[in-house]
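Given the coordinates of chain S, assemble chain D onto it according to the supplied hints.
Number of protein chains: 2
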Amino acid sequence: MAPKALDYESLNENVKKVQYAVRGELYLRASELQKEGKKIIFTNVGNPHALGQKPLTFPRQVVALCQAPFLLDDPNVGLFFPADAIARAKHYLSMTSGGLGAYSGARGIPGIRKEVADFIRRRDGYPSDSELIFLTDGASKGVMQILNTIIRGEGDGILVPVPQYPLYSATISLFGGSLVPYYLEETANWSLDVNDLRHSVFQARSRGLTVRAMVIINPGNPTGQCLSEANLREILHFCYQENLVLLGDEVYQQNIYQDERPFISARKVLMDMGPPISKEIQLVSFHTVSKGYWGECGQRGGYFEMTNIPPQTVDEIYKVASISLSPVPAQIFMGLMVNPPKPGDISYEHYIRESKGILESLRRRARIMTDGFNSCRIVVCNFTEGAMYSFPQIRLPPKAIDSSKKAGKVPDVFYCLKLLEATGISTVPGSGFGQKEGVFHLRTTILPAEEDMPVIMASFKKFNDEFMEEYDEHRGYSRI
Amino acid sequence: MAPKALDYESLNENVKKVQYAVRGELYLRASELQKEGKKIIFTNVGNPHALGQKPLTFPRQVVALCQAPFLLDDPNVGLFFPADAIARAKHYLSMTSGGLGAYSGARGIPGIRKEVADFIRRRDGYPSDSELIFLTDGASKGVMQILNTIIRGEGDGILVPVPQYPLYSATISLFGGSLVPYYLEETANWSLDVNDLRHSVFQARSRGLTVRAMVIINPGNPTGQCLSEANLREILHFCYQENLVLLGDEVYQQNIYQDERPFISARKVLMDMGPPISKEIQLVSFHTVSKGYWGECGQRGGYFEMTNIPPQTVDEIYKVASISLSPVPAQIFMGLMVNPPKPGDISYEHYIRESKGILESLRRRARIMTDGFNSCRIVVCNFTEGAMYSFPQIRLPPKAIDSSKKAGKVPDVFYCLKLLEATGISTVPGSGFGQKEGVFHLRTTILPAEEDMPVIMASFKKFNDEFMEEYDEHRGYSRI
Numbered sequence: 001m002a003p004k005a006l007d008y009e010s011l012n013e014n015v016k017k018v019q020y021a022v023r024g025e026l027y028l029r030a031s032e033l034q035k036e037g038k039k040i041i042f043t044n045v046g047n048p049h050a051l052g053q054k055p056l057t058f059p060r061q062v063v064a065l066c067q068a069p070f071l072l073d074d075p076n077v078g079l080f081f082p083a084d085a086i087a088r089a090k091h092y093l094s095m096t097s098g099g100l101g102a103y104s105g106a107r108g109i110p111g112i113r114k115e116v117a118d119f120i121r122r123r124d125g126y127p128s129d130s131e132l133i134f135l136t137d138g139a140s141k142g143v144m145q146i147l148n149t150i151i152r153g154e155g156d157g158i159l160v161p162v163p164q165y166p167l168y169s170a171t172i173s174l175f176g177g178s179l180v181p182y183y184l185e186e187t188a189n190w191s192l193d194v195n196d197l198r199h200s201v202f203q204a205r206s207r208g209l210t211v212r213a214m215v216i217i218n219p220g221n222p223t224g225q226c227l228s229e230a231n232l233r234e235i236l237h238f239c240y241q242e243n244l245v246l247l248g249d250e251v252y253q254q255n256i257y258q259d260e261r262p263f264i265s266a267r268k269v270l271m272d273m274g275p276p277i278s279k280e281i282q283l284v285s286f287h288t289v290s291k292g293y294w295g296e297c298g299q300r301g302g303y304f305e306m307t308n309i310p311p312q313t314v315d316e317i318y319k320v321a322s323i324s325l326s327p328v329p330a331q332i333f334m335g336l337m338v339n340p341p342k343p344g345d346i347s348y349e350h351y352i353r354e355s356k357g358i359l360e361s362l363r364r365r366a367r368i369m370t371d372g373f374n375s376c377r378i379v380v381c382n383f384t385e386g387a388m389y390s391f392p393q394i395r396l397p398p399k400a401i402d403s404s405k406k407a408g409k410v411p412d413v414f415y416c417l418k419l420l421e422a423t424g425i426s427t428v429p430g431s432g433f434g435q436k437e438g439v440f441h442l443r444t445t446i447l448p449a450e451e452d453m454p455v456i457m458a459s460f461k462k463f464n465d466e467f468m469e470e471y472d473e474h475r476g477y478s479r480i
Numbered sequence: 001m002a003p004k005a006l007d008y009e010s011l012n013e014n015v016k017k018v019q020y021a022v023r024g025e026l027y028l029r030a031s032e033l034q035k036e037g038k039k040i041i042f043t044n045v046g047n048p049h050a051l052g053q054k055p056l057t058f059p060r061q062v063v064a065l066c067q068a069p070f071l072l073d074d075p076n077v078g079l080f081f082p083a084d085a086i087a088r089a090k091h092y093l094s095m096t097s098g099g100l101g102a103y104s105g106a107r108g109i110p111g112i113r114k115e116v117a118d119f120i121r122r123r124d125g126y127p128s129d130s131e132l133i134f135l136t137d138g139a140s141k142g143v144m145q146i147l148n149t150i151i152r153g154e155g156d157g158i159l160v161p162v163p164q165y166p167l168y169s170a171t172i173s174l175f176g177g178s179l180v181p182y183y184l185e186e187t188a189n190w191s192l193d194v195n196d197l198r199h200s201v202f203q204a205r206s207r208g209l210t211v212r213a214m215v216i217i218n219p220g221n222p223t224g225q226c227l228s229e230a231n232l233r234e235i236l237h238f239c240y241q242e243n244l245v246l247l248g249d250e251v252y253q254q255n256i257y258q259d260e261r262p263f264i265s266a267r268k269v270l271m272d273m274g275p276p277i278s279k280e281i282q283l284v285s286f287h288t289v290s291k292g293y294w295g296e297c298g299q300r301g302g303y304f305e306m307t308n309i310p311p312q313t314v315d316e317i318y319k320v321a322s323i324s325l326s327p328v329p330a331q332i333f334m335g336l337m338v339n340p341p342k343p344g345d346i347s348y349e350h351y352i353r354e355s356k357g358i359l360e361s362l363r364r365r366a367r368i369m370t371d372g373f374n375s376c377r378i379v380v381c382n383f384t385e386g387a388m389y390s391f392p393q394i395r396l397p398p399k400a401i402d403s404s405k406k407a408g409k410v411p412d413v414f415y416c417l418k419l420l421e422a423t424g425i426s427t428v429p430g431s432g433f434g435q436k437e438g439v440f441h442l443r444t445t446i447l448p449a450e451e452d453m454p455v456i457m458a459s460f461k462k463f464n465d466e467f468m469e470e471y472d473e474h475r476g477y478s479r480i
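Protein chains in written order, with full-length UniProt numbering: chain S, 1 to 480; chain D, 1 to 480.
Please note that the accuracy of each hint is not assured.
Stated by the list, open to error - Which residues of chain D face chain S? A few of them, derived with a C-beta cut under 7 Å, are:
no. : residue
1   : V15
2   : R60
3   : Q254
Rather than coming from a laboratory, the hints here were simulated on the basis of the structure. Quantities reported herein were computed from a predicted structural model and do not represent experimental measurements. All C-beta atoms in this analysis are idealised placements derived from N, C-alpha and C, irrespective of residue type, glycine included.
Same shape as in the complex, but just chain S (with noise of 0.2 Å):
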């Protein structure tokens, strides 16, 4: 009998070409393990609740009660919620069509949206238009829905950074478009070159693609750099003089871990250097309720900003945002996190301490996590400057290189199941987000609790250590 339409030989090539190392065959082993009763460690994805980060208070209890409205209705309410958050879901239930069960609009619930736009003009010191954001499931989905307006076939090509988050890649295989690279530079802690980026380009043209867009993450992930604002304006000059629209992944913008680069928005800088490249350069803006202090990534919250497109295509993308819309609960989260508790509300204190304790743990974890990669063995590690990733380089030994390619695994893949089986520390091969041609890294997050992190890193540093101590050349000649 002939295939069948869901039999693997007939699937959509598309489908088959995606890659998404995240949750990937680490994942799956750790997975496994755990069910054995294995305890693992799971630093693959950034996830903060899962590994013990509570969530804050007040945007649940808004949260909560728009899910119970009758609790509204009742006298007692006061005995379990503070007045703020009562008000603020009777604030955001009076924006929706019949609450959280009701289908908002396509682009989301209206007042929401004009919450972000201010949250914007504030951040930014320019006006935003509500009007060009949608809100959506996470930042992914929005971020999946422009790469599929844009790429038409595979000669187009979208630069992407490498190392990348797979979310790049994976959405670039299924719409068929091409992933045209650009390496950051580890050894200047992950900067960009925009030499490099012409070159980049340049390469793909003389391969016959027509490169339409680039895509940088501020702060990076898996890399953890934070750009600069010189670096964002050669940036857009580039995009500029290359006509190319720019996707500003900022989903980390709420997760700094030093002083000297605070975060600064790609439209920012576009605004500040005024027309015609502020008129001129179609840039796509991201954000999320799944990472900063807020950690929500269950919730599937997010949204995109448009700036500078034209009308004609923001219907295109209103007609297939029409088609799956973003959860009612969500949205609400995403109006809580722009629009937090003010000074002087009753919630205020209490939200601040929540925010203020989990950031500031970050920024030591990072720190912590960065100074155990680096006293390792032959591995180095740049600081993580925002974000919520550590991204060491593993200097494997030719030893190790060619166990690995006897046991049929890449590299890291190899290095990574062994650290996974010693210690139950479940991380990503760097091989899941592109490498330099034989230079291999892991990725973890740096989420786990604070007080667990001593544990972890002397637990990795053992098993590193003896790892390299089994694959030394030396040390395996010497006993020949």
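Chain D only, in chain S's frame:
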């Protein structure tokens, strides 16, 4: 300067081809009129809570507690929440790895998938494997993922009923496939004739298409018919003969308004047929929390279940699902829907009272609406056996068709716009769903509050009969 990647002229053509009438021209005009202060009755989307349907209490209590788990530690929680809701919230929280803020696995929470599998087993009398169930953002997301997996290019055809829910036409356009229509027979209560199916496939093949899959919507949207067991058996035989994947959109399975043809799932009929067919046909079935007596559209919960799909394909579907995970609160709604309070539970009586109340009222409304349409001049309407819609045929007189052409509108759009302006009733023209050449319909939901129904139908009748009077051929001529 060359066009930019997000200029309209250079967008992905498949995006431009997408049409989605449910939130199209009529809806946009209705939204404008609403802003201008006109009272609009939104019957364009199956969005029950927006028309005043109250959410079921028990699931909202459970999800509110899951959002605010600190309430569970409060000794007074029992004053606000019944003990079974508290127990159920603890049950679901224990299934997560960090509450509602943590990502679930790519398939969704295992314990909830088990509840879905149990529900399917109880419903159909055959076991279901929870590893072959994926929790999704509403049913739409699942439909989109499966179609993306099947469609390789414009040579791939998907059989879709006409009239159809435009999710299918839109998604097939977006992924660059070809829609192969099969017509439902209005004069035989929208039944499906397998000879017509055969004819559609034959025609598609002579156009050079590879027909890969067939969609059924049961109960029908927008047409409201329920498929009989005999008809489902014929369809399955046909899929077997023609080597087609069957996609069973069964989101309205709880919405049945007659007793002659209860809902029967495609999967049950397939299993009843026994080998070889029961082991051969690749079937994907879809369900949601948005419909039924739940109507929790805004939460975005759903699932798909796969039958006879090879493991390697399941792995591919898993991989793509892992790029965009579904909201955890919505997964809990799905768990609650398939595993509601049981006899003896504290909340059982109340739950039954609420759900029966909604369902019985929907049944009465289906009848009021059908009768109302059939009392109108030159309008005929099949009874809504199931789902949430009424789909009357409007026999537009030639003069009305001429006038609509002069106005640059499709005739049914012309009629629906006039209806909207005159009465505030926001419907969707039949052309958005597909209809035979020269035949015109509109779709309304049966969701307006029961007490408002007589006024709405009277207002419709007044408009329609005046419209028909105005455009009546005879009367028109007699005026000259």
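Against the structure, the hints:
Using the Cβ-Cβ criterion of 7 Å, the hint placing V15(D) at the interface with chain S is satisfied: the shortest such distance is roughly 5 Å. The closest approach between the C-beta of R60(D) and any C-beta of chain S is roughly 5 Å, which is under the 7 Å cut-off, so the hint is satisfied. Annotation: Q254(D) was flagged as interfacial toward chain S, and the flag is violated, the nearest CB pair being 15 Å apart, outside 7 Å.
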